[in-house]
Amino acid sequence: MDIEQFRKAGYQAIDRICDYYYSLEQRPVVSQVQPGYLREALPENAPEKGEDFQFIADDYQKLIVPGMSPWQHPSFFAFFPTAGTFESMLGDLYSSSIPTPGFNVIPASTELEAVVMDWGAKLFGLDSRFLNSSEIGGGVIQTSASDSALVAVVAARARYIRDHPGVKQEDLILYTTTQTHSLGLKAGIVLGLTCRALEVLLDDQFALRGSTLQDALEEDKKRGKHPFIIIATIGTTSSGAVDRLNEIGEVVKTYPSLWIHVDAAWAGVTLACPEFREIAMLDSINKYADSFCTNFHKWGLVNFDASGMWVKDRKHLTNALDITPEFLRSKHGDAGTVIDYRNWHLGLGRRFRSLKLWFVLRSYGVEGFQKYIRSTIQLNDYFVKLVRSSPTFHLVTQPSFALTVFRLVPASSASTDTTALNTLNESFYSRISARQDIWLTQTKINGVFCIRFAVGAARTTKEHIDKAWKLLNEEAEIALADWVVISN
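Residue numbers (the numbering used here): 1183 to 1670.
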């Protein structure tokens, strides 16, 4: 393909992408293809001779698009939102046009990342110690919150072992909670570390309390174990719980070697709005956290992948991850005049992800970013009012920002046990998940089967909430009728 052929194919691609978004609301929220459909449609081997690109582009429309479930659909209320903004798409396009590995010999991508991560830190109200311009801490774009957590665990382990030489790896303990995302357990598996999930309770809205952490620390100390990091969460996946970081921080004062990593992958972007900063524990993040993560690619308008991670002391990353063979040395690196991001994460090469974050923050501005966050929370507040006004739907936990966790509880079920209600809600959810015009996800919290409703798609409006509420009630009516028949 020469330059002019690329120009023509590019025009067509943009036209087709625009047509796709114009038709998005009419498309199924969940792909209707069956597993294995693509293998049956494609030849077993790559073609011997190159094909006309028009045929390839047409096959993308015919074969690939129907197999994708559009998370940007206005009736997508599953998992958490993932961004799909045109500004970010263009940033990706431009960055792909300069395919460089992105380490120290390419200064523009490094310098832009250092700048926009400082923009992000200031947008969220993070302490100046988290700024790259501080030359002490700083921010870096990782691929995901899981990678951010893994890097934090690696850095925390290296710091702890340096301060406690002779400690055996099998005696190290990584703390999470029973509501922490699986990223904590996965980090433990990858690094061969013991991961202990601390129990959190409904009475505390599934937040980790300082007293629970204190008890665990004392217990493990008696057992000769060495807890070295706690992964606290602002907005857990199942329920949106916010760990009591203020209490956790006070406990850690007497255990200064315990690293506090704050995983705010979904809810961290709410810090852009001053009215949510108290709920999202900003003061405690600034006071106690060693590292903080939020995903711009979830609720932050930047297309996947763009996980923002900030640390108060960058040397803990570089001490753990800096490996510089002769062929990677440079005069600026040797002089320490540039940030070398390859020493802030696990890989060597990295994509030019800061470009799309730059495009988005410039295009939306602080006001536009805040408006988007506020509008989705307002839509969730509207859904919560509908649930609270219903005689058959009940909240399982307190709403968290733009997330509601609820279940079906018939008025006659006062004496019905958890197992029976779980059976009812499993039946109800199976009906919802069989539909192609809406997508919600299930969860189980302390043995209670419930349903998550997460607002965040940029194209979702009040009309989509009303539509969702109508069909939820329709499916609930059928599920309840079937349940009464079975119960009798």
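If you are wondering where the hints come from, they were derived from the structure by calculation, not from laboratory data. Be careful, since some hints might not be right.
Unchecked claim - Each computed BS3-like pair below joins lysine-lysine, with the alpha-carbon atoms no more than 25 Å apart:
| hint | residue 1 | residue 2 |
| --- | --- | --- |
| 1 | LYS1368 | LYS1403 |
| 2 | LYS1469 | LYS1350 |
| 3 | LYS1244 | LYS1231 |
| 4 | LYS1469 | LYS1567 |
| 5 | LYS1567 | LYS1304 |
| 6 | LYS1368 | LYS1304 |
| 7 | LYS1304 | LYS1350 |
| 8 | LYS1435 | LYS1469 |
| 9 | LYS1244 | LYS1350 |
Said to hold, decoys possible - Computed Cβ-Cβ distance ranges for the label pairs, DEER-style:
| hint | residue 1 | residue 2 | range |
| --- | --- | --- | --- |
| 10 | GLY1547 | ILE1461 | 22 to 30 Å |
| 11 | ALA1602 | GLU1400 | 34 to 42 Å |
| 12 | ALA1640 | GLU1400 | 26 to 34 Å |
| 13 | GLU1230 | GLU1656 | 22 to 30 Å |
| 14 | ASN1628 | GLN1351 | 31 to 39 Å |
| 15 | ALA1602 | GLU1656 | 20 to 28 Å |
| 16 | GLY1547 | SER1364 | 48 to 56 Å |
| 17 | TYR1203 | LYS1553 | 15 to 23 Å |
| 18 | THR1500 | LYS1567 | 43 to 51 Å |
Every residue gets a Cβ at the ideal spot worked out from N, C-alpha and C, and that includes glycine.
Hints, one by one, checked against the model:
no., hint, result
1, LYS1368 with LYS1403, "24 Å, holds"
2, LYS1469 with LYS1350, "30 Å, violated"
3, LYS1244 with LYS1231, "22 Å, holds"
4, LYS1469 with LYS1567, "35 Å, violated"
5, LYS1567 with LYS1304, "33 Å, violated"
6, LYS1368 with LYS1304, "31 Å, violated"
7, LYS1304 with LYS1350, "40 Å, violated"
8, LYS1435 with LYS1469, "11 Å, holds"
9, LYS1244 with LYS1350, "56 Å, violated"
10, GLY1547 with ILE1461: 22 to 30 Å, "24 Å, holds"
11, ALA1602 with GLU1400: 34 to 42 Å, "40 Å, holds"
12, ALA1640 with GLU1400: 26 to 34 Å, "47 Å, violated"
13, GLU1230 with GLU1656: 22 to 30 Å, "54 Å, violated"
14, ASN1628 with GLN1351: 31 to 39 Å, "32 Å, holds"
15, ALA1602 with GLU1656: 20 to 28 Å, "22 Å, holds"
16, GLY1547 with SER1364: 48 to 56 Å, "35 Å, violated"
17, TYR1203 with LYS1553: 15 to 23 Å, "20 Å, holds"
18, THR1500 with LYS1567: 43 to 51 Å, "50 Å, holds"
In terms of the numbered hints stated before, the structure departs from hints 2, 4, 5, 6, 7, 9, 12, 13, 16, listed from lowest to highest.
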